[in-house]
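Q: Sequence:
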Amino acid sequence: MSRKMTGIVKAFDCKSGKGLISPSDGRKDVQLHISALSLRDSEVLIPGLRVEFCRINGLRGPSAANVYLS
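According to our numbering, the sequence shown is numbered sequentially starting from 3.
None of these hints come from the bench; they were simulated from the model.
You may find that some hints are simply not true.
[To be verified] Straight-line distance between alpha carbons at most 25 Å, and here's what the computed BS3-like set of lysine-lysine pairs gives:
#1 K30 x K20
#2 K6 x K30
#3 K20 x K6
#4 K12 x K30
Could you put the whole structure together from the sequences, leaning on the hints where they help?
A: And the structure:
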């Protein structure tokens, strides 16, 4: 089961729709895909923003789901 976490957007590429979140708890970076964001938040996602997300086990490692600006 996933749990809510906070972190900082480390990188995000608008063209590919992919990026990384650095979790506040110091764990390994989490992959981010634009499909995990709410529509309004995807327009303003830039490195350095604080976000709230659920950490899930993706096919290629830890991934973010239900991502919102905090």
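Q: Which earlier hints can't be squared with this structure?
A: none
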